[in-house]
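Number of protein chains: 2
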Amino acid sequence: MSNRTNRSELKRHSERGHYDRETIYRILDQGMICHVSFSLDGQPYVIPMAYARSGDGLILHGSPHSRLLQSIADGIPVCVAVTHLDGLVLARSTFHHSLNFRSVVAFGRARPITRPEEKQQALVELTEHLAPGRCAVARAATDAEVKATSVVRFEIEEASAKSRSGPPKDNPADMQLEVWAGVVPLRIERGEPVPAPDLKAGV
Amino acid sequence: MSNRTNRSELKRHSERGHYDRETIYRILDQGMICHVSFSLDGQPYVIPMAYARSGDGLILHGSPHSRLLQSIADGIPVCVAVTHLDGLVLARSTFHHSLNFRSVVAFGRARPITRPEEKQQALVELTEHLAPGRCAVARAATDAEVKATSVVRFEIEEASAKSRSGPPKDNPADMQLEVWAGVVPLRIERGEPVPAPDLKAGV
Numbered sequence: 001m002s003n004r005t006n007r008s009e010l011k012r013h014s015e016r017g018h019y020d021r022e023t024i025y026r027i028l029d030q031g032m033i034c035h036v037s038f039s040l041d042g043q044p045y046v047i048p049m050a051y052a053r054s055g056d057g058l059i060l061h062g063s064p065h066s067r068l069l070q071s072i073a074d075g076i077p078v079c080v081a082v083t084h085l086d087g088l089v090l091a092r093s094t095f096h097h098s099l100n101f102r103s104v105v106a107f108g109r110a111r112p113i114t115r116p117e118e119k120q121q122a123l124v125e126l127t128e129h130l131a132p133g134r135c136a137v138a139r140a141a142t143d144a145e146v147k148a149t150s151v152v153r154f155e156i157e158e159a160s161a162k163s164r165s166g167p168p169k170d171n172p173a174d175m176q177l178e179v180w181a182g183v184v185p186l187r188i189e190r191g192e193p194v195p196a197p198d199l200k201a202g203v
Numbered sequence: 001m002s003n004r005t006n007r008s009e010l011k012r013h014s015e016r017g018h019y020d021r022e023t024i025y026r027i028l029d030q031g032m033i034c035h036v037s038f039s040l041d042g043q044p045y046v047i048p049m050a051y052a053r054s055g056d057g058l059i060l061h062g063s064p065h066s067r068l069l070q071s072i073a074d075g076i077p078v079c080v081a082v083t084h085l086d087g088l089v090l091a092r093s094t095f096h097h098s099l100n101f102r103s104v105v106a107f108g109r110a111r112p113i114t115r116p117e118e119k120q121q122a123l124v125e126l127t128e129h130l131a132p133g134r135c136a137v138a139r140a141a142t143d144a145e146v147k148a149t150s151v152v153r154f155e156i157e158e159a160s161a162k163s164r165s166g167p168p169k170d171n172p173a174d175m176q177l178e179v180w181a182g183v184v185p186l187r188i189e190r191g192e193p194v195p196a197p198d199l200k201a202g203v
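Residue numbers (the working numbering), protein chains in the order written: chain A, 1 to 203; chain B, 1 to 203.
Hints listed in this document are in silico derivations from the structure and should not be mistaken for laboratory results.
Treat the hints with caution; some may be incorrect.
No distinction is drawn between identical chains; accordingly, a pair holds when it is met within one copy or between any pair of copies.
What the hints assert, rightly or not - Capping the alpha-carbon separation at 30 Å, the derived lysine-lysine pairs in BS3-like fashion look like this:
hint : residue 1 : residue 2
1    : K169      : K147
2    : K169      : K119
3    : K147      : K200
4    : K200      : K169
5    : K119      : K147
Modelling step: build the complete structure from the supplied sequences, incorporating the hints.
This is how it looks when you write it as structure tokens:
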């Protein structure tokens, strides 16, 4: 990750911007899905994908026939966003309603990971990021399965984080209105695990 | 929304694809943040934004100085994605681990909404989508506030929905492994509302 240039610099609400690795890593490490965008013949595409951060890169995977992976593995410019929604900000005025969030927008390029051991390792990182501990219990990928998976590494050249947190900011003139104001926190909740219908008895 | 063309047609897992308005609307209506992508001089950008669906379009807003809004309001091609993460799919093999999700990818163009009454109406739709009922209690936007907001409408030309649901699909040979398999449901949970620290007593 290098210094920032015009493309990653926050123009609006620059006080909400962060460019340090620690903040950027923390936001990336808390997400499971990123939005990958690229442009083909002037037509932009944006696709949600599972990912794991590995150093200054993101590991992405899919079918060898994936149009997305084939396109970005050519080394074209790619932009990736990861966003966490943290709360609804309810103000006394509709104008000051807002959302609390944390997001990272990263710019870079992708390259295919083709060496089988490197692919295997990247897939382990991906599984462990999404479902920590599963590689110790689930059957590891066979050579054929690794072969049947395309893996690319998106190398972050520059990135910025943006966030909003805390209560609404209303105009002084509105503070006396009889309107409830505050934040409704939002977070991703894990429900009770649902066993597969064909789960072997006793497992 | 017109018929689908090559850009919106699902190439992989086409059985997970949907192109009907009802499915697409339902996914869009359950989201609060979309990822808006566009390309400037071959450089793709993707930015998270609050939105509301209105007919076959999405209402987006921001500062009149927003680089994003200025760029897309020029009528360049835009692609927008909305994604809901529904579950972690834990299989007996690492290869068959997956995520349950619903997503929409929409292609189209944006145009600025400039007439004050139309802008005011679009902002009401946006607030009501994100925080239903708030327009009845919070102070309405003044003319100056409406003026200080840029609003664009992204018109969907074509869109596709994609989803995965249900249990893991393992190989028959793996069904006897002593590995727990199933789904950990994920959903966005609303926490206890946190009143603003300067909330007027008694509200």
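Consistency of the hints with the structure:
In this assembly of identical chains, K169 and K147 lie within 30 Å of each other by CA distance solely across copies; the values are 19 Å between and 53 Å within a copy. Taking the shortest alpha-carbon separations for K169 and K119, only the inter-copy value of 22 Å comes in at or below 30 Å, while the best intra-copy value is 48 Å. In this homomeric assembly, K147 and K200 come within 30 Å of each other (Cα to Cα) only inside a single copy, at 29 Å, whereas the closest approach across copies is 63 Å. Within a single copy, K200 and K169 get their C-alpha atoms only as close as 55 Å, which misses the 30 Å cut-off; across copies the closest is 14 Å, which meets it.
Taking CA atoms no more than 30 Å apart as the test, K119 paired with K147 passes inside one copy only; the shortest distance there is 9 Å, against 53 Å between copies.
When held up to the earlier numbered hints, the structure conflicts with none and fits them all.
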